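Chains as they are written, first to last, in our numbering: chain A, 1 to 460; chain B, 1001 to 1460; chain C, 2001 to 2460; chain D, 3001 to 3460.
By construction, these hints were calculated from the structure, which means they are not laboratory data.
None of the values given here were measured: they were computed from a predicted structure.
Just so you know, not all the hints are guaranteed correct.
Below, simulated SDA-like cross-link-like pairs (lysine to any residue); rule was C-alpha separation at most 20 Å, straight line [to be verified]:
| hint | chain 1 | residue 1 | chain 2 | residue 2 |
| --- | --- | --- | --- | --- |
| 1 | D | Lys-3144 | D | Glu-3422 |
| 2 | A | Lys-357 | D | Gly-3048 |
| 3 | C | Lys-2031 | C | Ala-2078 |
| 4 | B | Lys-1376 | D | Ile-3266 |
| 5 | A | Lys-389 | C | Glu-2010 |
| 6 | D | Lys-3454 | B | Lys-1454 |
| 7 | B | Lys-1332 | A | Lys-389 |
| 8 | B | Lys-1376 | D | Ala-3045 |
4 protein chains.
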Amino acid sequence: IKLWGGRFQESVTDAVERFTESISYDKDLYKHDIRGSRAHASMLAKQGLMSIGDRDSILAGLDEIERRIRNGEFVWRADREDVHMNIEAALTDLIGEPAKKLHTARSRNDQVATDFRLWCRDAIDSIVARIKDFQVAMVDLAVKNAGIIVPGYTHLQRAQPVLLQHVLLAFVEQLDRDAGRLLDCRARLNFCPLGACALAGTGLPIERFMTSSALEFSSPLRNSIDAVSDRDFAIEFLSANSIMAIHLSRLGEEWVLWSSEEFGFITPNDAVSTGSSIMPQKKNPDPMELVRGKSARVIGDVVTLLTLCKGLPLAYNRDLQEDKEPVFDSVKTVLGMLEVSAEFARNISFNQDRIKKALPAGHLDATTLADYLVHKGIPFRTSHDIVGKSVAMCLGKNCQLKDLSLNELRSLSPIFDEDVYEFLGVENAVNKFSSYGSTGSECVASQLQYWIEKLGLISQ
Amino acid sequence: IKLWGGRFQESVTDAVERFTESISYDKDLYKHDIRGSRAHASMLAKQGLMSIGDRDSILAGLDEIERRIRNGEFVWRADREDVHMNIEAALTDLIGEPAKKLHTARSRNDQVATDFRLWCRDAIDSIVARIKDFQVAMVDLAVKNAGIIVPGYTHLQRAQPVLLQHVLLAFVEQLDRDAGRLLDCRARLNFCPLGACALAGTGLPIERFMTSSALEFSSPLRNSIDAVSDRDFAIEFLSANSIMAIHLSRLGEEWVLWSSEEFGFITPNDAVSTGSSIMPQKKNPDPMELVRGKSARVIGDVVTLLTLCKGLPLAYNRDLQEDKEPVFDSVKTVLGMLEVSAEFARNISFNQDRIKKALPAGHLDATTLADYLVHKGIPFRTSHDIVGKSVAMCLGKNCQLKDLSLNELRSLSPIFDEDVYEFLGVENAVNKFSSYGSTGSECVASQLQYWIEKLGLISQ
Amino acid sequence: IKLWGGRFQESVTDAVERFTESISYDKDLYKHDIRGSRAHASMLAKQGLMSIGDRDSILAGLDEIERRIRNGEFVWRADREDVHMNIEAALTDLIGEPAKKLHTARSRNDQVATDFRLWCRDAIDSIVARIKDFQVAMVDLAVKNAGIIVPGYTHLQRAQPVLLQHVLLAFVEQLDRDAGRLLDCRARLNFCPLGACALAGTGLPIERFMTSSALEFSSPLRNSIDAVSDRDFAIEFLSANSIMAIHLSRLGEEWVLWSSEEFGFITPNDAVSTGSSIMPQKKNPDPMELVRGKSARVIGDVVTLLTLCKGLPLAYNRDLQEDKEPVFDSVKTVLGMLEVSAEFARNISFNQDRIKKALPAGHLDATTLADYLVHKGIPFRTSHDIVGKSVAMCLGKNCQLKDLSLNELRSLSPIFDEDVYEFLGVENAVNKFSSYGSTGSECVASQLQYWIEKLGLISQ
Amino acid sequence: IKLWGGRFQESVTDAVERFTESISYDKDLYKHDIRGSRAHASMLAKQGLMSIGDRDSILAGLDEIERRIRNGEFVWRADREDVHMNIEAALTDLIGEPAKKLHTARSRNDQVATDFRLWCRDAIDSIVARIKDFQVAMVDLAVKNAGIIVPGYTHLQRAQPVLLQHVLLAFVEQLDRDAGRLLDCRARLNFCPLGACALAGTGLPIERFMTSSALEFSSPLRNSIDAVSDRDFAIEFLSANSIMAIHLSRLGEEWVLWSSEEFGFITPNDAVSTGSSIMPQKKNPDPMELVRGKSARVIGDVVTLLTLCKGLPLAYNRDLQEDKEPVFDSVKTVLGMLEVSAEFARNISFNQDRIKKALPAGHLDATTLADYLVHKGIPFRTSHDIVGKSVAMCLGKNCQLKDLSLNELRSLSPIFDEDVYEFLGVENAVNKFSSYGSTGSECVASQLQYWIEKLGLISQ
């Protein structure tokens, strides 16, 4: 018999029960639901709305229920709709009358909002920890691969030579902002809805600051209608996840490219590769393909939440029950993406010879040559034009810029002098970079040091 | 040991296995996978690529495996990655050597594309059947509630009186187009990828028309690269589902409004209502709120698929493994939405008295009055203006249009005559409609008859 | 002739020019582009990469160009591709040779990233200002409508009575978090990409901290590859806008409902209503319908940006040119939504009599009655059940709870006493609320005071 | 003065006017609006609702207005809200009284639905024509590049050798299904809403079949409420565009990869390339990057439309005004994507030598070798294993499969014989393919011939 029985004479149909149940997924909230109930019962007792004895029965009963759930001994019942009613009804089965007082000055509306905020808070903490793991893996990879120069790309065309470390640290930066977004979200959601009840608060003498504080919230939410009706915190959370997923999808693309025969920069270990059921020679970087692909569902999840909330009137509407699955899916997915990306980083090796051999292609030193001319006083636009013609000359002769003779160069501009050869060639070019944040060795070394310290790694 | 063992010396890590497995959900393809394997084995035998004995062993083995799965006796193993390898490996366990020939001239790339198209085809058939159920429920509801006039709304403002039947049939029309979209999708996806192998076809003497025909496809896909790399059929399917979900979300909104105290048009039975854990008087139309809300995830699912496929190079990429869960989720969701909407339609009653009492509000006959003036030869824009002033007069006097005296009306235009009162009042107004497709009684009766016949219901 | 002329011998086709141009929309960046160029030129001069004379020519030229653009005298040319090249080329036309030095140690990659961050920073400031305007309008509306009780809804069913002020302040709370999100985004994006050049930095002796500081950024971005390739700041911005748009869409829904004949809570002034071309009596709350509807495009915009960035390799790719239009559209839309919502708030009146007359319906005092029983020591679940039966009794008798006699009540529970009538009726019910954040008069008054002070309004 | 003047005493505020106007974009419907008005006026005259003289004045007036618009002489006024009222008001200015009769038995609700369907129908025809152009360009490219073998990829790892023609035709197939989707959408939307009026039809003696037929619709829509409230046709249209955009984004990715230094398969002409403002050597395939990138906004557009319609009650709501901009944007974008993709196809050359030189890498003949063993009677799984070991042997020796001696091969399986060398090497491998739809020369030739005929190209 349903909890709202009083004025109802008939049960819902099977189809409706199946369609409206949430227990199949919201049971994942059980720890937070029990934690919330503990805080609520203690407050009720303190405020005289429940006896100490009843409170103790409830707390003991909740302990037992939590134990059973953890051990897989608890039977979840779909006819009890959701995690809240399953636990409350089981508590009644277990301890009888006192359990009926637990829902005093509480509605499922404020209860679920509380549970869900607690859950999201924990999830954010887990993700942030895993971001750090990923950053550590990337910094380790950078430390292990000092000195490697790779082509830097724009438009997937070779652009300028960069240090591999510089590329790896770009992702460390991006994920760091992702962590920042999550922590901002955490701070903004960390307010307590408990006591907002159905939507209007209550006339019973509850003390919301007590429960808020017991649950480690910053303070109670100020407006009870707002407290039960808004899910902006969940959307913000999934937005932050989506941006992170996009960052990781770009890493996925990068490493899939780098693993290809054509790029050939990295070889993944067998531990992070898979093969083909038909083509015996294949060794595929599947984990990073899936990192790229799974970003799609993280985006789908936030779209679901946004669309869900659009145009709903105040306050709680049953539509909001649909808020949890996208959040659970997004969290599970990004945790996996982070874990596997870190694992991939720990299981690849760089093909230094092959990278080095391929470096001369693409005239990566052209911009350095233009800078050379600027050093000599030529306006940049003019330098750009001269170097453009130098490259055209190379294309005609099928050679590198450093292979042009001084006479050839001088035929394009009399400014060229012997010292030009100190600017040509990939190694020379990369050594010339010096601006803050650039790929120059010292700049990158100092960036690396920054991260080693920030991440608490022992300096190497 | 993995199926691609030859050149691999190490297993993937646990995290990678967890992240890349698909068996937790793609086992839902088992029936279609087995069906495909049956057709493939029979073709291989016919083409001399397998003996009749081997084929018979395989077919018997597949029967046994299907039986076990159906009875829940089959153990799905994550280390066997996916449904295809689970079944093939179980077949090898069961019948030994012959099983090793089943994957001849087949790759998981064409195999999964085949399974997935078969699955989608069946899913479409189920959805189309349920659309019909829903349409029948709506037509039944219309038949049972003949003669009721309700306000028609634009901008959620009362606009013109309409027959309730007319409103209900609008949804029947919309869902009918949804079925059309699904059937177009079905026809377009019903081509067979089997035999495309990894991406390039094969040199073994297979006969693709034979498997295509055995699986009731229209014909084999013409281009093997296209066959394994595209998922446009799945996106089209989910797009059609999304449009249908939007239609149902609008029905959800409509019925949530109609169930409110303020509208008060319908009372849902207890069988499709739920109550509140805190407010004893509440009776909520939750199923229709969830119909509205669940449209969001159907949209999220198609966004996932679109984003997933964006920018992938040819041919198969592991990202595509992520194609199934959104499709499964979308299908499950729309099946539920349709079922519950039909059930709701069968469990509501219209509050005729209350509807009737509320009809005079909103000047629903104003446009009919303007048409009256047009009948009398007044240009429409001028009529519109005269009626606008009549309404202003009513607002001032707090009365209905039919309460204005002829003198009052004539003060706005001398054209008004006694016969004007045949056009005023909601019943008069609704009776005046006569254009094809309008809310006039005869028009609606003929629409209703059209649907009764089209849906194969006995005319009433 | 294009700026990259050196190695090119042919112009792009017309179709390609049309397809790849961005000047039709990125000219909106002109102020920020010029501001960036001023800072860059000053830095180059300070660092000896340009003479003081050249710098002064450039600064004067930029002033003149800005003047011309502002006055509509500037001719934007599609063959000059984008805002950067239009301005640089015009500068060359205007001042000749010195202009060719402006692009020293700068690429369009870092230039556009700088412009775009500056633009977003300004846009956020505008939106935050308009949020405050909206909040002020809502608080004013609340102040003007003290004492009005309206039904509070869950599931769009009447739930409990609430003060109108309480409802209005819920939206003030929500928008306040939106402002917080925008300001967090502002702080996170306020780092300077200038000097990252194409992707690797430069070997020329620039001083990035100087330009960063001149442009009021917190500091230069640390990693040049990250600086030119990431657009996470734009996605975060549009995510925040989307959440706000969802909040406003809910307000739109609320006010559309309240304007309906059925709810009848508010009457919008003509100044914010529109009529019908065919139905003379109509007066529609179009602005709020559009507020609700336009939330859709704000969501579409963020989906565009997320999808755009998915799976792109490092560093800059031309795809990123598509980042601006969704941002411009989102900003323009939310500015309009905020403005019109505030204007609507200033142009509605509440129909107090009608609201009051309708209040008895829906048993809004049922939960208060349950609390009464809790006060008397009945466990909540039991109270809930008793009140459920009381409501059923009312339904049978078609009366309100307060109309039940004490005997009737006592037939359900002997606990009921004369004092029960102090808890029944909407006014009594609303007066009983007392918890923090509840709809009790004192709680709401203190919330209102909080906002009056926070928004800097004179206390009333 | 607004058209709904009668009961209004005040104009909307400037902010509301700015926010609610649609004339800035819906003027693009002018041709279809005028066409609809012509049909409507003729019908009204035929039905005796307007004199022949009035009809002729109206038709002449509409001709003049269309002329003015086409010549840019027409002044669009924001205070006249939208395209419909601008044209009707201009007609009144021009011909006076008769113009006031044009809106008889018509509302903007059915008028805009009619215009929009006509517009979409034309847009579909344009897109389908451009799909054909694109297909022709691809087939031409295939014809010009007969005989080239390229690596086929799965997981972006080299898989099997394929004919370049086979790859190109895969895209021709995909776009053909896109055209099919658009034509299905066209057929489904080609029904006439005109005469549905505001939502309920009319009592005036109109003849909807006459206008429907004059406007080349299949027939009038059956239900007037459905006719004015649904936008499923627009969502279906944008869904089809999205799927096509995804196909083109994959082509974009493919060609960006192929243009890279690392792949080096194609060289785009200067006519479809752009350079860099800072790096003089760069030549970027920008048009295809933008084809990839612009797919994002096409997806954003359909998300906007889906979200827009979610949860709206019947019938017309002002939200629906927002339906046009996403459709216009999607259409403009896909037209550009198709045009530029075709142009790119006409402006690339394949680097045959380089492709050929790179072919040996990646063991593309491994699967053919496995098929060889199957031919010899080895079960496929066993063959796969033997070839896996052969590849491992090659990796150890850093050689190709064809470089293994017969003795070496026999050490893995005694089945290997001299004839194995007819299966090894890329040319041999590609020649072995023979299944329907495979990359075998004859199969591809027949596919090519199919397309040449279907597209009406002269057979070559």
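Can you give the numbers of the hints that this structure goes against, from lowest to highest? The structure conflicts with hints 1, 2, 4, 6, 7, although it agrees with all the remaining ones.
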